[in-house]
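**Q** Since the structure of chain A is provided, determine the placement of chains B, C and D on it from the hints.
Here's the letter readout for the chains.
4 protein chains.
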Amino acid sequence: MIIVMKQGAGQSQIEAVVARVEEQGFKVHLSRGEARTIIGVIGADEHKIQQEPFEVMDGVEKTMRVMQPYKLASRDFAPSDTVIHANGVAIGGQQIVVMAGPCSVEGREMIIETAHMVKEAGATVLRGGAFKPRSSPYSFQGLGREGLEYLAEAREQTGLAIITEVMSVDEIELVGEYTDIFQVGARNNQNYSLLKALGRTNKPVFLKRGISGTINELLMGAEYIMSGGNMQVMVCERGIRTYETATRNTFDVNAVPLLKQLTHLPVCADPAHGTGMVKLVPAVAKAAVAAGADVLMIEVHPDPARAWSDGAQSLNPHQFKQLVDELRPIAAAVGREI
Amino acid sequence: MIIVMKQGAGQSQIEAVVARVEEQGFKVHLSRGEARTIIGVIGADEHKIQQEPFEVMDGVEKTMRVMQPYKLASRDFAPSDTVIHANGVAIGGQQIVVMAGPCSVEGREMIIETAHMVKEAGATVLRGGAFKPRSSPYSFQGLGREGLEYLAEAREQTGLAIITEVMSVDEIELVGEYTDIFQVGARNNQNYSLLKALGRTNKPVFLKRGISGTINELLMGAEYIMSGGNMQVMVCERGIRTYETATRNTFDVNAVPLLKQLTHLPVCADPAHGTGMVKLVPAVAKAAVAAGADVLMIEVHPDPARAWSDGAQSLNPHQFKQLVDELRPIAAAVGREI
Amino acid sequence: MIIVMKQGAGQSQIEAVVARVEEQGFKVHLSRGEARTIIGVIGADEHKIQQEPFEVMDGVEKTMRVMQPYKLASRDFAPSDTVIHANGVAIGGQQIVVMAGPCSVEGREMIIETAHMVKEAGATVLRGGAFKPRSSPYSFQGLGREGLEYLAEAREQTGLAIITEVMSVDEIELVGEYTDIFQVGARNNQNYSLLKALGRTNKPVFLKRGISGTINELLMGAEYIMSGGNMQVMVCERGIRTYETATRNTFDVNAVPLLKQLTHLPVCADPAHGTGMVKLVPAVAKAAVAAGADVLMIEVHPDPARAWSDGAQSLNPHQFKQLVDELRPIAAAVGREI
Amino acid sequence: MIIVMKQGAGQSQIEAVVARVEEQGFKVHLSRGEARTIIGVIGADEHKIQQEPFEVMDGVEKTMRVMQPYKLASRDFAPSDTVIHANGVAIGGQQIVVMAGPCSVEGREMIIETAHMVKEAGATVLRGGAFKPRSSPYSFQGLGREGLEYLAEAREQTGLAIITEVMSVDEIELVGEYTDIFQVGARNNQNYSLLKALGRTNKPVFLKRGISGTINELLMGAEYIMSGGNMQVMVCERGIRTYETATRNTFDVNAVPLLKQLTHLPVCADPAHGTGMVKLVPAVAKAAVAAGADVLMIEVHPDPARAWSDGAQSLNPHQFKQLVDELRPIAAAVGREI
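Chains as they are written, first to last, in this note's numbering: chain A, 1 to 338; chain B, 1001 to 1338; chain C, 2001 to 2338; chain D, 3001 to 3338.
Any given hint could be a false lead.
To be verified - Which stretches of chain D does chain B cover? Using the computed rule of at least three CB atoms under 8 Å from a CB of chain B, they are:
| # | segment |
| --- | --- |
| 1 | 3210-3219 |
| 2 | 3243-3249 |
| 3 | 3285-3295 |
| 4 | 3324-3337 |
In short, the hints are calculated from the structure, not lab data. Please read these numbers as outputs of a predicted model, since none were measured by experiment. Every residue, glycine too, gets a C-beta built ideally from N, C-alpha and C.
Next comes chain A alone, as it looks inside the complex:
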């Protein structure tokens, strides 16, 4: 951390800041410029120091962080890519993993039928929500345990791995009995109670970026889980909230290569939420693969116009099959396979 003193800050103000830094077990490095004094804070645990209290000390202009606030999630911690295994599927390796399925599990036949179709098209993980975070209390809230059972049956029949969302600490045990991968949705990206509890499980976690989460916050979310002992975390770009209203969200394609550079964790892309519009999903899925994503999550519904949720951004099985076929040569062009 660097502390910039105000122009004309006095010697006693500088000394007070230095004393406070040293009190916390860090060393300082003073740099007196013509206009200002700058205080460098040196120590191995810089990610643990708090900037804020220094900002209200007399004579301080501002503080700036030099190191990332995360450690376990960083490339410095683990230079080679982490590969996560879920029901036989290797996530984060040379093969690009396609996770597909409906937003919500709407019934037994519906999910089983969809599972067969997405498997045939090339998916290896089946997605489907049993507990649903809906923006209206009047909307369908998910089938709960019943939905989990149907998912497990679909896994049984197809051999696919399954992923489903967990929304609350008290649901972890139940969801964990069924799922291969816990999904944490965008709205729970900073639900620290949930993240900490997932850090005490031993199942992979698929962590979505917050609705307006920064890349830094996404990695801090991963750090929360990892600092609890569970190192099997995937991070997912799913579009961010911007001023643009022509699309539901803005898929931040920059995040894909940047995350690959900052972290060793698998990097996922969710073009359905990233765009909110079926007609943009294929092009953005291709872009994500070209940009280096390890995982694609695609919403697929047997009849999108009758979907109980997210119909506007779900592909039908035919569209999904065509998309996967079109993705293969792009994957090949960047040295990967699907």
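**A** Frame of chain A; chains B, C and D shown alone:
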């Protein structure tokens, strides 16, 4: 809801949409323009209809919502202002309520001392966090039950009401034993599991706008709680995330009068989080009062430079007293009192 | 346009609105719901009607636009893709066009050397700024006419087409003497005086999206130029301003397929400004091609660490050559060539 | 500026960076931490150094600016408030100045009538657009010279000062013949050709913040004008573009006190554009005064529902008079007068 058909949409496409609308128990009103056909959806429960599935039907260009998706929280539902009572304090009436205290309860003496000081300056509610949502897992996470006990003791000694944050469904019972008002933080604004559970309690809830929450989402959060039976909800503007980095957040002062027009619930303002900088808090607190806020929440710490959290945006007791004194004539200018 | 009346709006209020609509030469279509009356405005010139005045009429809740406010730029106006020709280069056809070169023309040899290098790597258009919009008045402002002469000489030697920025109405004549394509920068996207004047020229215009411009505003900018008679416009996604600070801008990859669907004009992508970081440019350039861009603009400098502007986002010639080579199989995968 | 080297950057990389810094006439201060080396750049002209080229040098992680990039606009340059005089009106002093009038000058009688009414209510400056930046080429573009003449006549009759927008370098001479204050609109905030040309005039300039301009960019815009020799600049908060769609813009009330702290220039507020909705203008105008604004600009139209532009955010004369009356006690509460 209005469904806009594409230019050149065929008769059978229009009929299919009409049939789907009617299937769901709504009536339609067709309007054939020179360029496009527009289908109006008519019914008393418009806030329950889903737009999305219609957007993927053949021939549909887009859908537009006409009515608000919330009902209980709206002005139409309750034309006069809701007044909420907490330990003798009336919130939402002619008197502007000042809630003050530290970000975190750091110890027994600290919170009791602060309670006396903020009371003397004019506050009637004491705030302080016992369970803390911190962006780093390496930061102080709150004193938990111990913190709640100190808060209760401070209430005992001063007669102030108390408000403290609840982060998770499994904490509600414990926190509810102590607090007068549940606070839901910005990061949990769309933690629907938590909101639903709070809807089943009978204590007032202070609901903060999400970090990048819309005004609509804030009111839908209130609707979640109210639809569970708990009508005692306050909504709080606390700054939103924008591209501007000169301040921590952008206090959305427009939200204050707009919320007053849209809802009957008390409207709160949090200038500390809204700015992130002590030096801006007084001016923005004044702005909030001038704009019509019913409640001000202000972070006050006996020694901000030694605060365990949010030091950079906390007033010291002297600054707080001066601020309340300066707020009184502004309150008077808009026909209120502090 | 649709005008939504308030709940309980009276008959005389409705009649006043209807009268005002008809006054302006449009027809109305009334739809009386249980809760509200909705007034549809019908007419061929809907893109010319103003919403705003209706919003302050008594009894009006809000207005909603149904049709796009642009006409000449829309797909409805010209269903097949527009192909623009500049010094023998066809822009918008089956071949993806690569425009490359330095941010600023820094000298004669520098631009000529760069021209030869980018041509060899596969570019067909040379970019370089002679008039520079710099955020500081203390920064290098461009070589002006001298820079234009060097660009023209580079064209002479290489056969490349050239593109350079024009910032002001009074520069159009001078810049037009030299350039093959006028570039309008992000900061001038809503400089309507400039757009109108360019609409009276007969040279192609490369129009960048504003720094926080919507897709709609980008197309309205094109409409400004086209309504003046110049139909040779390209629109360029170059990253938008969001809350994310890990990158300079957020490249809005959604905009690429959406623009292809909304307009017949060539769609360009600028990954250098879209990311601001050399280390992200190749991945985002690949994403843009996979998403369907017709044109890539890439900043290339012989020695980025000594560039007078935009060094942090410029590739060196070696990196550029490698990028173009890696783009070819992706272009092929989406049925294009480079 | 501070240059942070990568973990493990080599000695030769550090030396290369140091050499490059010294080449440009600055001194360096090296700070070797356990993990990283940090290079401080020291010199009186830090606002002139370019960060970017350093970011692509081998071994460099990132650069951080310590000082503001503006000088003449900063509080350090002129500690006391600048007061600007326009036709007898002192702007930036103890008296809060109210500028009022229609968005567009629509005719002779209309502007003269409005001038009398706003003067009577308490305004001292008359606003009105003769050259209009409209988002559609099909909208009314302003009366041009004719509008300027009517404004001048209104000044003649009322003694008010006048302010009107200038959009282009070639309009400066004409507009300057009539106006007392040049207005630069949000869309031209980074039209550097225009700012430079206004820096060579000797009339006050009212500079609006860009549609998504940062506070820093607003002050750099002022610096552009001031560096040309014209020190009479006012800066205006007019709402920024955010993800919130319930209002047209988000009025950034934080900017008011922050600007007062960063600059000596008068700070203005435009609640009409800041909200876009008549029903929010009064509350936000009050907030701006409470937060410390020196100037309020208010759109007033004799019949907003028939305004040719900006009707939805214009007060009628009656509403305006009432607002000014309500503002007086708030001004008094913060030690000012209207």
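**Q** Confirm or reject each hint.
**A** Okay, the hints, checked on the actual structure:
{"no.": "1", "hint": "3210-3219", "in the structure": "holds (count 4)"}
{"no.": "2", "hint": "3243-3249", "in the structure": "holds (count 5)"}
{"no.": "3", "hint": "3285-3295", "in the structure": "holds (count 7)"}
{"no.": "4", "hint": "3324-3337", "in the structure": "holds (count 6)"}
Checked against the numbered hints given earlier, this structure breaks none of them.
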